[in-house]
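**Student:** Sequence:
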Amino acid sequence: MAHYRSLGDVPPKRHTQHRDASGALYAEELMGEEGFAGDSSLLYHRGSPSAITAAEVWELPDQATMPNHPLKPRHLRLHDLFPDPAEIDVVTGRRLLLGNADVRISYVVARRESPLYRDAAGDEVVFIESGVARVETVFGALPARRGDYVLLPASTTHRWIPLGEQPLRAYVIESSSHIAPPHRYLSRFGQFLEHAPYCERDLHGPAEVLLADGSEVEVLVKHRTARGIVGTRMVYAGHPFDVVGWDGCLYPLTFDIEDFEPITGRVHQPPPVHQVFAGSGFVICNFVPRKVDYHPLAIPVPYSHSNTDSDEVMFYCGGDYEARKGSGIGLGSISLHPGGHAHGPQPGAAERSLGAERFEETAVMVDTFAPLGLGEGGLACEDPDYAWSWA
1 MAHYRSLGDV PPKRHTQHRD ASGALYAEEL MGEEGFAGDS SLLYHRGSPS AITAAEVWEL
61 PDQATMPNHP LKPRHLRLHD LFPDPAEIDV VTGRRLLLGN ADVRISYVVA RRESPLYRDA
121 AGDEVVFIES GVARVETVFG ALPARRGDYV LLPASTTHRW IPLGEQPLRA YVIESSSHIA
181 PPHRYLSRFG QFLEHAPYCE RDLHGPAEVL LADGSEVEVL VKHRTARGIV GTRMVYAGHP
241 FDVVGWDGCL YPLTFDIEDF EPITGRVHQP PPVHQVFAGS GFVICNFVPR KVDYHPLAIP
301 VPYSHSNTDS DEVMFYCGGD YEARKGSGIG LGSISLHPGG HAHGPQPGAA ERSLGAERFE
361 ETAVMVDTFA PLGLGEGGLA CEDPDYAWSW A
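Just so we're aligned, residue 1 is where the sequence shown starts under full-length UniProt numbering, counting upward by one.
No lab work stands behind these hints: they were computed from the structure.
Ideal Cβ placement from N, Cα and C applies to all residues, glycine included.
Mixed in with the good hints there might be a few duds.
What the hints assert, rightly or not - Simulated restraints, written as ranges between beta carbons of each label pair:
(1) Q63 - Y303: 33 to 43 Å
(2) A120 - L354: 45 to 55 Å
(3) D385 - R227: 31 to 41 Å
Taking the hints into account, I'd like the entire structure generated from these sequences.
**Tutor:** As structure tokens, then:
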């Protein structure tokens, strides 16, 4: 997202000599999207960002998916997946829930510091369900806590450090593309418009560079090949966090879901009003505590709808979701409502909602435009009775 920042020590003009106090030349790195036609940043390293000394295969966690066949709505209980997170980290401990060629959704509960990691296949958005972490990146460190989205542009080298007593519960959305605010929220120059439900003030980047030292540093890299997404374990001659300064419009950031301002109306508003980010083939939406429909004859819970072009994935992470009462869904649940199935409120929910003025609920929704398959994590925590809960 095109919002310029500058941090640390950068020269007055790009692509010119930039030296340290002893006269040594810093190594300039352009990190950019879409060749040279998209957003980018310039980073200035003390050593070469290209200097690797070894590369070997890194076997990724199970990435296979099973088609949703026979077609049915699904309920996944994520809190059943990690009974003991003591030896788990956010990167290598992820378990795949749902996925297609455009997006992969995983979940992890972690206490350990992760290895250094870079996703070169696309941008990642990590939603913090609970816990506190420090996310160290080549651009600097980001604090992350419950309710934060952490947006990590493709190829951003980083690591996760859980903090505090609670384990870190993270809902991971891995894209095969770049992730940005919806175009309708932005001016033609990239500024957030007045009708957008959030703005630049709500986006928080690193506050200072890290300037780490070290040699023979290992980085796990997820990347694309002709046969799909694979992993490589690279060893760098110097530490990737040796950046003395950077500037540009491409960098990691956090966004607190509580800073999303809901859009409401006299009658029920469709899901696009809840949209927060978009990638190729999918969108991400926020459902947050809000005033609900105020027409005197309004029915505040959603009407039944057929997903003719998309699969809808809802992660329930706060409050009490009125439309799903009686279905078995609770905090830590995912519902998958696939294209080809008409879904709506549970029996009795519409009547119970009449006269309601507010809904106190928090959920993260991903809508995809290609069918999602079930990963091993999703199959391991499925509620087999959910599909029949409307009957």
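**Student:** Check each numbered hint against the structure and report the violated ones by number, ascending.
**Tutor:** Those not satisfied: there are none.
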